[in-house]
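Undergrad: Single-letter residue listing:
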Amino acid sequence: MNDPYSVLGVSPQATDEEVKKAYRDLARKYHPDNYHDNPLADLASEKMKEINEAYDTITKSREQGSAAGGGYSYGYGGSAYQAQNAGQQQSAGRNQYIQIRNLINANNLTQAMAMLNAIGSHDAEWYYLMGSIYWRKGWMDQAGQYFRTAASMDPTNIEYRNAVQYMNQGGQAYRPTGGMDMMGGDMACNMCQNLICADCCCEMMGGNLIPCIGCR
Amino acid sequence: MYGYVRPVKGELKIREFELFRGVYCGLCHELARRYGFASRFFVNYDFTFLAMILAGQSGAETCPRRCVAHPIRPVRCLGSCSSLSMAADMTVVLGWWKLSDSADDAAGAKALGWKVLRRAMKGAYKKAAARQPAFAGAVEENLTALRALEAARCPSVDETADKFALILRSIAQGEPDGSRRRILEELFYHLGRIIYILDAADDLAEDVKSGAYNPLRYRFEPAEGKLSPEDERTLRTGLQLSHNALAGAWTLLDENPYSGILSNTIYLGLPATTQAVFAGTWREPARLHRERSYL
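One line per chain: the protein sequences are A and B, in this order. Residue numbers for the first sequence follow this note's numbering, so the first one is 248 and each next one is one higher. Residue numbers for the second sequence follow this note's numbering, so the first one is 15 and each next one is one higher.
Chain A with its partners taken away, still in its complex shape (with noise of 0.2 Å):
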């Protein structure tokens, strides 16, 4: 392992309080709800974990064998397919569907795309995952697209209708203070939209990160 206090890039003779700091800062930038659904998000976790078993390392050698809490405890359920799919399926086509969402995660589009285009009948979960695959291309519009068109064939599904709240609000992304959006909007406002909208979110998933941000 690399030296926790350059993973957390903060000098050995750092006080207590800086090292959190700079621990903080940096979960606040690597946190899992940057990369929701994100072909990066794997790396992104990696770095987390790093910085985790860093601060982990330097509070337990510094606090000399008592027990010292881990680090941001999100609980946040990896893929939020995994999470939210049990359950939800349709009818038709339903092994189909859980193996198309296999291929996404896994991140094979092509795949993914050539099985929901064979699919003759269009259902919402059909325009759900079409989205899905979009997104994860990268473009955008035609996802919102398909993720609207789900939501309004099947306006009870919870799922669906989350994507496109998610991408109305403009989705969410770790930015600096101070640093600007691409909509024109005051960025403090938007924030503190992300933020809770992100703390429903881990609170869903039994986990809580408004609190966890103040207690620490």
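Errors might be hidden in some of the hints.
Claimed, not checked - DSSO-like cross-link-like pairs, simulated, lysine-lysine; straight-line CA separation at most 27 Å:
hint, chain 1, residue 1, chain 2, residue 2
1, A, K276, B, K27
2, A, K294, A, K307
3, A, K307, A, K268
4, B, K141, B, K129
5, A, K268, B, K27
6, B, K124, B, K223
7, A, K296, A, K267
8, B, K223, B, K129
9, B, K23, A, K276
Claimed, not checked - Computed far set for chain A versus chain B, every beta-carbon distance over 12 Å:
hint, residue
10, K276
11, E300
12, N352
13, T396
Unchecked claim - Chain A side only, calculated, beta carbon under 7 Å to chain B, not exhaustive:
hint, residue
14, N281
15, L287
16, G417
17, A420
18, R422
19, D428
Quick caveat, the hints were computed from the structure, so don't treat them as lab data. Ideal Cβ positions, reconstructed from N, Cα and C, are used throughout, including at glycine.
Got chain A; can you put chain B on it based on the hints?
TA: Just chain B now, with coordinates in the frame of chain A:
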């Protein structure tokens, strides 16, 4: 290229500004060194950005140099290095295609002027394409595909932007480190998308007037060359999502001597450019709304 990718000057540290100017001037000198004086006209901010992002961890050497634009006080320029040479090669390849496009699209005396220029730069292009065959191949392939989409009046912004995005993405293909290549590919892809969409938004009114193809005309059917507020929101949300993806990739890259300038460009420059394009002030004279020239 287009010049959309640039830092917000007022937010740069003076040290960063001098470094930035050194890379820009360095790229210009590198162009002249490799491709002759005329190729200097291809120098642009977008490839200055690329040269900085592709640069290694350690800073290259700088040396003071004079040129036509700075005849009396020399500028401390970045010396020749591999990322600068690569950026120069790619500047010439893409610049020549853009020139070639203008020559085909223009009419009358203007067309003749472009054609003379195209003929004059042909040798430089051939040399650059031979040095960067993979990139030149990607440019030719995707621009040909883009032309076909344009001829078919493609109504998808994503599909047309994809072609330009793939050109930028191909810049990363020579990167030996697998993770770094993936990060750069994602970053360049979305940068390409943003540039293409901004350019389409910027040209919309003009294209509607002249009847030229513009994907936004067929995607949104704007009245009198202006997007409705709702359509503009949809388009900017798409830009925002691409910007998120770009920012996510950027965060994962290791720092280098230009990270401050690059961060400024990504987090402030691109949003400021977007704001100006949609406000319709991007093309107005610099003294009114923005600092057009740094150097």
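Undergrad: With reference to the structure, classify each hint as holding or not holding.
TA: We went through each hint and held it up to the structure:
| no. | hint | result |
| --- | --- | --- |
| 1 | A:K276 with B:K27 | 23 Å, holds |
| 2 | A:K294 with A:K307 | 20 Å, holds |
| 3 | A:K307 with A:K268 | 17 Å, holds |
| 4 | B:K141 with B:K129 | 19 Å, holds |
| 5 | A:K268 with B:K27 | 24 Å, holds |
| 6 | B:K124 with B:K223 | 19 Å, holds |
| 7 | A:K296 with A:K267 | 16 Å, holds |
| 8 | B:K223 with B:K129 | 25 Å, holds |
| 9 | B:K23 with A:K276 | 25 Å, holds |
| 10 | K276 | 5 Å, violated |
| 11 | E300 | 17 Å, holds |
| 12 | N352 | 16 Å, holds |
| 13 | T396 | 14 Å, holds |
| 14 | N281 | 6 Å, holds |
| 15 | L287 | 6 Å, holds |
| 16 | G417 | 4 Å, holds |
| 17 | A420 | 4 Å, holds |
| 18 | R422 | 6 Å, holds |
| 19 | D428 | 6 Å, holds |
Comparing the model with each numbered hint stated earlier shows that hint 10 is the single one that does not hold.
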